[in-house]
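A.B. asks: The residues making up each chain are set out below.
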Amino acid sequence: MSAALEAYLARLYLDTDARRAFTADPRAAASRAGLQPADIAALERIDRVGLELTARSLQAKHLSHSRRRWFPRLLARWRRP
Amino acid sequence: MVGRDRVGLGWRPELAAGILANLDRIDLVEVIADDYVGAGRRALRALRTLGIQVPLVLHGVSLGLASAAPVDGRRLDALARVVGAVEPQAWSEHPAFMRGGGLELGHLAAPPRRAATLDGLVANVARAWAIAGSAPALENVATLIDPPGSDCDEPAWLADAIAFTGAELLLDLHNLYANAVNFGFDARAALARLPLSRVRFVHLAGGAWIGAHDGERRRLDDHRHDVPPSVFRLLTDLAARAPHPLTVILERDGDYPTIEHLLAELDRARDALAVGRARAAA
Chain P
19 MSAALEAYLA RLYLDTDARR AFTADPRAAA SRAGLQPADI AALERIDRVG
69 LELTARSLQA KHLSHSRRRW FPRLLARWRR P
Chain Z
62 MVGRDRVGLG WRPELAAGIL ANLDRIDLVE VIADDYVGAG RRALRALRTL
112 GIQVPLVLHG VSLGLASAAP VDGRRLDALA RVVGAVEPQA WSEHPAFMRG
162 GGLELGHLAA PPRRAATLDG LVANVARAWA IAGSAPALEN VATLIDPPGS
212 DCDEPAWLAD AIAFTGAELL LDLHNLYANA VNFGFDARAA LARLPLSRVR
262 FVHLAGGAWI GAHDGERRRL DDHRHDVPPS VFRLLTDLAA RAPHPLTVIL
312 ERDGDYPTIE HLLAELDRAR DALAVGRARA AA
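Just so you know, the sequences run in chain order P and Z.
To get my numbering, take the position in the first sequence, counting from 1, and add 18.
To get my numbering, take the position in the second sequence, counting from 1, and add 61.
It is worth saying that the hints were derived from the structure and are not from the lab.
In this text, all values refer to a predicted model and were calculated from it rather than measured experimentally.
Incorrect hints may appear among the rest.
[To be verified] List of simulated lysine to aspartate or glutamate pairs, DMTMM-like, C-alpha gap at most 25 Å: (1) P:79 - P:35; (2) P:79 - Z:133; (3) P:79 - Z:207; (4) P:79 - Z:247; (5) P:79 - Z:283; (6) P:79 - Z:314; (7) P:79 - Z:95; (8) P:79 - Z:85; (9) P:79 - Z:75; (10) P:79 - Z:332; (11) P:79 - Z:96; (12) P:79 - Z:277; (13) P:79 - P:33; (14) P:79 - P:65.
[Claimed, not checked] Which residues of chain P face chain Z? A partial, calculated answer using Cβ under 10 Å: (15) 20; (16) 23; (17) 28; (18) 29; (19) 46; (20) 63; (21) 66; (22) 69; (23) 70; (24) 74; (25) 76; (26) 79.
Ideal Cβ positions, reconstructed from N, Cα and C, are used throughout, including at glycine.
Modelling step: build the complete structure from the supplied sequences, incorporating the hints.
C.D. replies: This is the structure:
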């Protein structure tokens, strides 16, 4: 996997606006990201249900992580001189 | 076969008291290594002490070994410090990617299954092996998306990953089952195509169905539900075919039931193993 494809997949999974632009026109959005033609072709055939559910699942995990971290953050702030 | 199959449980703070009270029914524990990254000497000493009481293995969840980018040196050094301090019986990680372009996914993502991804994985496993002093077993990951850019299926890619890295396969049977039901392949046939002579560790877990807007459902590996019967059947199939003793670990990460309930799941795993071994001996 190229670093560019990894970076683009990470954006697609995490960034709602990037995902919306990609869904509207996959070829144009992937081309703007500077991906190789083979990767652009692969992304045009992306599993859209999987993309939606992956994004939703990651968003839920981020929310759960940030909720779990509120107490250590508070503690760190309290301890800061 | 030299040695015996073992069945254990993932070590979680919520389960610690129950585990320690039932060590006669738990053959080993698996500790999340990342929980001890950055831990002080006292915490590492406590973990090492736990490893004296009960056989212990470590499980990493954040290296992101299947990446075009070299594995983060600081992250790897920190993990190697935990491995060095605790001296587990084994440690494991995932052939997955966790980050890209400066973004942290916060969870394991299945990489495109193709040759180019293997190159990054091989280099990263070699680096982890050199720094930690032992190779991580590699655990197959569950995915909700058919990884874009793949040119081979999961069993073929995993077989190559194991062959080219020299690592062993930590076979997560719920991940295999979830991918099979999500993408319409036969989990038992896929199991038969995996390099089972390289499997010594197994994960069991449960999951739940989630729905997309168009009504299609997929299975999420959430570790918050009981192990489904299909996964126990896969364990029996595996035990019938695997030539080495298996160490089976039950993972639970939320909606914790009583320890008795989890111990009953371990007993079901023992029964599934026994049926498979008997089938192999017949």
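A.B. asks: Which numbered conditions among the earlier hints are violated in the structure presented, ordered from lowest to highest?
C.D. replies: 4, 8, 10 and 19
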